[in-house]
Amino acid sequence: MLVLVGVLLVIIGFAIRLNPLIVVTVAGIVTALLGGMNPLQILDAFGTGFSSSRSVTIFVAVLPLVGIIEYFGLQEKAKLLIAKLARLTAGRVLLGYMVIRQVTAAVGLNSIGGHPQTVRPLVYPMAEGAALRRYGHVPEAVKEKIKAQSAAVDNIGLFFGEDVFVAVGSILLITTFVDTTYHLHLEPLQLAIWAIPTAIAALLIHGFRLLRFDKALDRDYAKATVETVGAEN
Amino acid sequence: MINVEVVYWLVGILFLAWGFLIARDVAHPKRWGSSSFWGLLGLCFFYGTWVQAGTAPGWVLGIAVLVLVLLASTGLLRDGKPGTSGPAEREASAAKFGNKLFIPALTLPAVTVILVLLAPVLKVGNVPLLDPKNTTLVALAIGAVAAVVVALMLLKPKHPLTPVFESRRIIESIGWAALLPQMLSTLGILFTKAGVGTAVGTLASGMLPKGSLIAGVLVYCIGMFVFTVLMGNGFAAFPIMTAAIGWPVLVQTFHGNPPVVFAIGMLAGFCGTLCTPMAANFNLVPPALLEMKNKYGVISAQIGTAIPLLGVNVVLMYFLAF
Numbered sequence: 246m247l248v249l250v251g252v253l254l255v256i257i258g259f260a261i262r263l264n265p266l267i268v269v270t271v272a273g274i275v276t277a278l279l280g281g282m283n284p285l286q287i288l289d290a291f292g293t294g295f296s297s298s299r300s301v302t303i304f305v306a307v308l309p310l311v312g313i314i315e316y317f318g319l320q321e322k323a324k325l326l327i328a329k330l331a332r333l334t335a336g337r338v339l340l341g342y343m344v345i346r347q348v349t350a351a352v353g354l355n356s357i358g359g360h361p362q363t364v365r366p367l368v369y370p371m372a373e374g375a376a377l378r379r380y381g382h383v384p385e386a387v388k389e390k391i392k393a394q395s396a397a398v399d400n401i402g403l404f405f406g407e408d409v410f411v412a413v414g415s416i417l418l419i420t421t422f423v424d425t426t427y428h429l430h431l432e433p434l435q436l437a438i439w440a441i442p443t444a445i446a447a448l449l450i451h452g453f454r455l456l457r458f459d460k461a462l463d464r465d466y467a468k469a470t471v472e473t474v475g476a477e478n
Numbered sequence: 103m104i105n106v107e108v109v110y111w112l113v114g115i116l117f118l119a120w121g122f123l124i125a126r127d128v129a130h131p132k133r134w135g136s137s138s139f140w141g142l143l144g145l146c147f148f149y150g151t152w153v154q155a156g157t158a159p160g161w162v163l164g165i166a167v168l169v170l171v172l173l174a175s176t177g178l179l180r181d182g183k184p185g186t187s188g189p190a191e192r193e194a195s196a197a198k199f200g201n202k203l204f205i206p207a208l209t210l211p212a213v214t215v216i217l218v219l220l221a222p223v224l225k226v227g228n229v230p231l232l233d234p235k236n237t238t239l240v241a242l243a244i245g246a247v248a249a250v251v252v253a254l255m256l257l258k259p260k261h262p263l264t265p266v267f268e269s270r271r272i273i274e275s276i277g278w279a280a281l282l283p284q285m286l287s288t289l290g291i292l293f294t295k296a297g298v299g300t301a302v303g304t305l306a307s308g309m310l311p312k313g314s315l316i317a318g319v320l321v322y323c324i325g326m327f328v329f330t331v332l333m334g335n336g337f338a339a340f341p342i343m344t345a346a347i348g349w350p351v352l353v354q355t356f357h358g359n360p361p362v363v364f365a366i367g368m369l370a371g372f373c374g375t376l377c378t379p380m381a382a383n384f385n386l387v388p389p390a391l392l393e394m395k396n397k398y399g400v401i402s403a404q405i406g407t408a409i410p411l412l413g414v415n416v417v418l419m420y421f422l423a424f
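So the sequence lines, in the order shown, correspond to chains A and B. Under our numbering, the first residue of the first sequence is numbered 246, with each subsequent residue one higher. Under our numbering, the first residue of the second sequence is numbered 103, with each subsequent residue one higher.
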């Protein structure tokens, strides 16, 4: 049970925002010491663990491709594509962006979006613009809701899209771990395929919630109007 | 036969090339620290080949890994922010190439999937062309190279090494975080060697009714969720819960189909990532970036999707894996 101290160290280290690499390394060393390994065995375990985990960093092989198409305006092209959503309602703008985010992540283009790259300059202003067009004004409380939803669609689209692509860390971490520990032989593609049902479920669940978000906005505004009219009387 | 080690050497060459470019960049804020980091990482990818083969000692690589961690965490690794195409240039080129920009991007998954499907029949004499133990990775590397070739032919950059220069820009902006997944994987292997998973398994078996499949699936998925919430990412949670429940109970006792159990288990963990302030990059940085009043606002917007989706994962695993 003493070895669980390592888990605790990870939790504390991440919580107080130490550099995660240091946290992971210290937690590993402490756990190994508690597990009865000597320093040479620990170094050895780090070395062999690291070399058998090399596949997790394979995403690097894709960077030259992403780099050159970014150089020629991939993100700008994606922005033009996203901007076509501008005529929709707030919830539908967000849903449209989520679909784009999820599909592009599923083919390995997860650098197309992101909070600094697309959400702040593009998705949030478009969703707020849609609300402004529909209702004429956007109170602070509604802005806050739209901001939260804009950040959320990026996360959900990315998480449940990227796992369908084979060269993603989570898939390769699974194959590395189970192949090393249990001497199985899993292909990353097998795992990626089984990520598809959850990807579809994520789109359906969150898509449904975004369409309801539009209805909730309609209700909020209707109520606010009734209240203002009531106050004037 | 194209072996998976060739793929790791390709990655190693890229790291060495980036380290070399940084070493030549006199304007870089941490020129030597950064170029040593990427260069050493590149060498580790080569040396690892012999560690895996059992012909070189692992502890040498262990020391190198500790040096990498020290370089990264003491501020000696920085982003040199190398120059790239300007916004106006990019907009003009986006307008010029239009949707053609997506052609190289789609070449990658297309070539990868086709090669994986054809792999069983791709043979030279009696030897398979692609390493049968790591078909997907080899296919992916070939796909990545093919896609760069397509991009070079289609976009015709002034300098043929543009993909290398531009990927240096990306890797520098990712920085030490590029190494984190591999370190978490290493930690998972170490945790398992030290018996962390077994300890959690002993704790969990207390609440697990014997012989109940649905209880096993629930504990695995919810355990992935809870550990991910606590540790901030599914990567750290996966080895623990898999050694505790996923492997001994779901695969060994109930004969679940391993890829289904593990893929869906990881996704149950992703539901946890949506709910935790420990995943600061996803959940706390965006509220700051968007100047929100409630810094947990993004998490509250996500919980309503994360919880039902966790339920869906339990159901999917129960029906698809067994």
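Simulated from the structure, these hints should not be mistaken for lab results. Just to be clear, a hint being listed does not mean it is correct.
Said to hold, decoys possible - Listed below are several chain A residues computed to face chain B (Cβ distance under 7 Å; list not exhaustive):
| no. | residue |
| --- | --- |
| 1 | 253 |
| 2 | 291 |
| 3 | 382 |
What the hints assert, rightly or not - Selected chain A positions facing chain B (Cβ under 8 Å, derived; list incomplete):
| no. | residue |
| --- | --- |
| 4 | 270 |
| 5 | 296 |
| 6 | 313 |
| 7 | 344 |
| 8 | 348 |
| 9 | 401 |
| 10 | 405 |
| 11 | 421 |
This one's a predicted model, so the numbers in the text were calculated from it and none came from an experiment. The beta carbon of each residue, even a glycine, is placed where N, CA and C say it ideally should be.
Now the hints, each set against the structure:
At about 9 Å, the closest approach between the beta carbon of residue 253 (chain A) and any beta carbon in chain B exceeds 7 Å, and the interface hint on this residue is violated. Using the Cβ-Cβ criterion of 7 Å, the hint placing residue 291 (chain A) at the interface with chain B is satisfied: the shortest such distance is roughly 4 Å. Residue-level restraint check for residue 382 (chain A) is violated (minimum Cβ-Cβ distance to chain B is 19 Å; threshold 7 Å). Residue-level restraint check for residue 270 (chain A) holds (minimum Cβ-Cβ distance to chain B is 5 Å; threshold 8 Å).
The beta carbon of residue 296 (chain A) is positioned within 8 Å of a beta carbon in chain B (closest approach about 3 Å), and the interface hint is therefore held. Interface restraint check for residue 313 (chain A): the shortest CB-CB distance to chain B comes to about 4 Å, inside 8 Å, so the restraint holds. Residue-level restraint check for residue 344 (chain A) is violated (minimum Cβ-Cβ distance to chain B is 15 Å; threshold 8 Å). Given the 8 Å rule on beta carbons, the hint for residue 348 (chain A) is violated: about 11 Å separates it from the nearest Cβ of chain B.
Nearest Cβ of chain B to the Cβ of residue 401 (chain A): about 6 Å, under the 8 Å cut. The hint holds. Of the supplied interface hints, the one on residue 405 (chain A) holds, with its beta-carbon coming within about 7 Å of a beta-carbon of chain B, less than 8 Å. With a least beta-carbon distance of about 5 Å to chain B, the hint placing residue 421 (chain A) at the interface is held under the 8 Å criterion.
Against the hints set out earlier in the document, violations occur for numbers 1, 3, 7 and 8.
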